[in-house]
Every structure is written in C-alpha cells, then in structure tokens.
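*Asks:* Following the hints, complete the assembly by docking chain P onto the known chain Z.
The listed protein sequences derive, respectively, from chains Z and P. So in the working numbering, spot 45 of the first sequence is number 45, and the numbers just go up one at a time. So in the working numbering, spot 31 of the second sequence is number 31, and the numbers just go up one at a time.
Everything labelled a hint here was simulated from the structure, so no lab data went into it. Wrong hints could be hidden among the right ones.
[Claimed, not checked] Quick list of in silico lysine-lysine cross-link-like pairs, DSS-like style, CA-CA up to 30 Å: (1) Z:70 / Z:323; (2) P:195 / Z:424; (3) P:202 / Z:392.
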Amino acid sequence: MADYTEMWKSLGIDVKNHDALLAVLGKAYTDIFLSQKNRPEGMKYFDFVMSEVHGLRIKEILDAKAQGRKVIGSYCVFVPEELVLAVDGVAVGLCAGAELNFEAAEALLPRNTCSLIKSMFGFKLGKLCPYVESCDVIVGENTCDGKKKAYEIFRPLVKDLYVMDLPQTKSETGRLVLKKEYRKFIAKLEKESGKKITVQSLKKGIEIVNAKRKAMIRLAAIRAADPAPISGLDALLINQVFFHDDPVRFTDSVNKLCDELEQRVKDHKGVAPKGTTRIIISGCPMAVPNWKLPMLVETSNAVIVGEESCVGERGTRWLTEVKGNTVDEILDAITDRYFNVDCAVFTPNPSRVDYVKEMTKKLHADGVIHYSLQFCQPYIIESGPVEKELEKSHIPTLRLETDYSQEDVGQLKTRIEAFNERLKKK
Amino acid sequence: MRCAGIDIGSRTIKLAVLENDRLVLSRKVVTSYNPLETARALMDGAVFDRITATGYGRYLIKGHLECPVISEITAFVRGARFFSNDCGSILDIGGQDTKAISLDCEGNLCKFEMNDRCAAGTGRFLEVMATVLGFTLEEFSTAALSAKRAEKINSMCTVFAESEVVSLISQGADRNEVALGVHKAIISRSAGLLKRVAPTGKIFFAGGVALNDCVRILLGNEMGRPVFVPPDPQIVGAIGAALSASEDI
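Bound conformation, chain Z alone (with noise of 0.2 Å):
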C-alpha cells in the first residue's frame, strides 16, 4: 500500500491510532479470508479491496470530490443510491463493525445501545473512518428507535447530518411517506450538488444501480450449488465491499467471478466437499469487518450458502423498475422499489420470513441461525416469531444474540456446532 499519510492527516484522521486500526485489521483478513482453502481467483479484486480500503478507494473519493462530485455517506439500505448518481455524487455505507472507542461511544450513549450504533460513534469520534471525514453529507434515518433518538445526539459531531423519515407500515400512507421523504432528499441533493436531477440522470442512476444488483442476484442464485462453490465469508465480503465501491467496477468484478464460478458449478469445485451442512444466515447487518458468526460457522464444518440480511439479499434483491416519463413517475417506481424492503422495523412485516422460506429452498440449505445484534429490539423481538414459524416449516433455527466483542465467541461456538449437528443428522 501507497503511504496515505498526508492524505489522512488532511481528512483530520488520528493517524496513530488510525495505522493501530488498520495492523489489527490486516492481520483478522489474513487469519480469517486468505487462510480459506480453494477461494476463487476472482477474490484477488476483493483482497485488493480491502487492502486498500481506506488508501486507494478514498483517494479516489477525493478526487471525485475535487471535480465538484458530492460524497454523500449514509447508514441504511433505505437511502436510493439511485438518487445519489442522479446529481452525479458519491454514495457510500458508513456502517461500522468493529468494536472500536466504545468507552467514548458511552459517554454520549446508554451502554444498552447496539454494538452497530456505538460503532458509528466510535469511529467518529475516533477520527478513524476517511469515509466519513469525507463526506459532504451524512444521511441519517428514522429506521429503529435506538439510530433515532442517536442521530440527535450525533448531529452536532458531523459537518451535515440530514436525517430522513421512514415510514413503519407497509400502507397506503406509509408509501406516500417514503415518496415525500424520497422528494425531499432529492431537494436536498440538488440544493448541494448544484445539479439539477432530470429523468434522464435518474435513468442512469437507476441503470448503475440495478446492475450492481443484477450482479448480486446472480452471485446469490449460484450459491445454491452444492458443493458451495463460494464460501459464506468471501460472499458476505462482497455484500459489504458493495456499500463502498465504485459501483461500475464492482458490478463488473462480481460478474466476472460470477463467470468463474458458474464454471466451478460446472466442474463439481467447490470450497467444500459435497453433502456439507448449508446454512442461512438471517436477521441484522453486519458490516466490516464484522466477520465472527460467519467465521465461526464456517470453521465447524458448515458453509454459509446466504444472507437475509441488509448486508445482503434484502438490500439486493429488487431491482427498480426502469418506467416513467417524468421525475414524479420514476420516484414512484423507486419508491415501489424501497417499500419492499422487509426490515424489521415494520409492523407487521410477513414477507420477511417469508422470503426466508423461500430462500431455504432455492438455496438447499440445511437451516437457518437467526441473528440479532444484542439491544436491536426489532430483530430480537421479531426473532421469536421468526422461529417458531420456520421450524413448524420443519427448517431448523438457532437463535443467537451477540455483538462485536470476542467475550462470547466460546459460547457461540459450542452452539453453532451443537446446531450443526443437529442438522447433520437429518
């Protein structure tokens, strides 16, 4: 890696702890993705990624920024990407996984707050994320309580925070909600920008976006080979690169490993030997680098064969339908297009468990652990239901509840491999 030095000290990045952060990373990707045996080539892109993701990628985020694009950095799959390309911006996921200045994070926030909120503050107040000293607006919105109420508190600590209104019921109402929302940040992306968004900037924003999540789609359909031809951790890698790449480029990267895999598909190659116990993994986000549950399941003789998950196909699997004739139109289609997302946050919300059936089934997989970041009230609660309604569907669920440390990770062990064999005895 190029020395970004100056580049970080100009973003106002702690450098000290800054290079403390990426030494302990560099080494968890070296233990836990390259130790993997027989990993795509295709995944060299990825590695390279994440090599230099907080060198290269914000290097050309500065640049992009330096001819007058606009970095808009947001925290939730509910804010249209789309929209972002429309005037020409940047858009990239701020989420945080990684266990880092909680201590300051509790001095701002209850300790009962989720790992994922803490992290967002830690990093920020850290001074330790160049994606997020990089943007020109950070978008925030009304998803679960707990992210709510700490946008408030979070405001005063960013350049400017623009929170977005959700709304909590898949009705009538509720999607004129998100259509007005959706109005709104268009106002506010054009009042920054200086651009106007017409219908056809939307249309290729549209056609950006979608593919970037055709190439997803396909990535996942192949997943139901067996043998897996991909592991759970390289696939959740991606989903989270997703959030933070140049999206032309990474739509091209998944295609060609898609080409690569399809012939490992043809081949019989996999990354485990066939009749390996296939595993769902449902319920909260995880972003970089929260890698422990899919490490652990992977390191006891299972494989992760997909993700419920905004970090994966609930934050993929719909494309926006290319129609319409003026800007209000094509809003309508993006706003039909976020109202299927099936976060926990609505009430009620079928489809998720549902689509969670569903993709047992295509995916041949074996069973499904549910899981919740501890204190997400919405998937913890909305877990119990979940449960019970896919094991009268006789597809076996483990429920865990966990969150960034390591203090756990014995515990969680010895009931993923009790699950595991559980399934194994099928």
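*Replies:* For chain P alone, kept in the frame of chain Z given last:
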C-alpha cells in the same frame, strides 16, 4: 473395544470409559487453574482404545491428544439415552452454564437453548450463595428444604444476588428461608428456559446441580412433570462423548 469420553467442564473434569456399552470406569476431578494437566492426570492409567472430548475445554485437549470433539449439547443428548429412553427433555445445570434441550421421539436433538454469557443461575451461583450463608453444599440443600417459607431473591446476577443475601441476613432474615429463596431463584430461571424449549415430557436432570435434593424437588413441583436424575448426574456428558467415540468407528 473400550471407548472413553472426557468432559472438560468449567468446575469439574469427568472421564468415562465404556466397554460393550457398559460403564467400566468413571472419574471426576475439580478443574483447577490448569485444566490440561488435570485432564492428563485424570486419564492416567485409564485403558481405552479411542476417546472423544466434550465440554468447554474440548479444544484444549484436542490440541494435545488426537481425538474428535463434540459439543456438550450432543454429548448430553447421547449420554441421557444411556440412562433412560423415555425422557423428552434434558436440563443440565453445570458449573458455568445451563442447557435446556428437547428431544424428538427417537431421542435425537431437537431444540436447545443455553443461558446467556454469565453464570447467573448456574452451579457457581449456588456455590457462592452457600458460602455467603456459611453452608457446605450438602447443608445448603437440607437447610433450604427445612424452611417453611422462602425469602424472595430478585437478582439472578451472582454478584447482585450476593449483596441481596447479605442485606437480607443483616435485616435478620432466617438463614434457611434465604437458602430456600436462592434455590427458588435458580428454578425460576431454569424452568423458564425449559418451558420455552422443551415444554413437554419427562425431564432428564443432569449436571452437578442435579445432586442437590432441593433443586430437584422444586423443579418437579414447578414443572408438574416427572424428573429423572441418573445415578451420577455429573458423568452424563462424558458418557455421551464415550458413546460418540464408539459410534465413530
């Protein structure tokens, strides 16, 4: 063929050797600060052809002895079947964790749940409370059974419950009634776990806490279901591991 199972628990290490499905050797020792050495000493002189490890220290021994490992949950499922074939659920209260397991009609693992990260409501909780009240573990159960009523212990956290017990005593509460309260606290926690995971069937009660008469009686009353305690409830996991070793042939 002699098959052994070693269960490296947080408080005790157990070794069982089976020959033609008959228990021919069973040993127990307190885990200590050096579980590996303790486990080695425990195996000293024991004769067996193959061994499987289980318990939280299973990977520790695997690093030093070429042997397969199984999770405690599977070990208890298999071990329970060695003693009984009509139990629909298993409750294991060990030194550091509590497991509730439900079995299908063929005795296979169905659902399971374990307590959270800390040792709330486990054997360790009982040990600490007994010490605070000045009882040995044997006296503790007898004292609780002699009480006519129970003082309510609200906290499940070992540290908080300890201060609760101390303050009850300083207010002049009867020691035996406090003891019964502590036992009831454990039961409310374990019964909740059992009702959620394994709501029907005879309960196979294992782990060191099953040696406690008071917990056993309270559990039966609370659940309204028969409770079966094997002759040596601590050895169940080790026997399950030994059975697994014999099946791996």
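*Asks:* Work down the list of hints and note, for each, if the structure agrees.
*Replies:* Now the hints, each set against the structure:
The hinted pair formed by residue 70 of chain Z and residue 323 of chain Z meets the criterion: a straight-line CA distance of about 26 Å does not exceed 30 Å. Distance check on the hinted pair: residue 195 of chain P and residue 424 of chain Z sit about 26 Å apart at the alpha-carbon level, within 30 Å; holds. With a C-alpha separation of about 23 Å, the suggested pairing of residue 202 of chain P with residue 392 of chain Z holds against the 30 Å cut-off.
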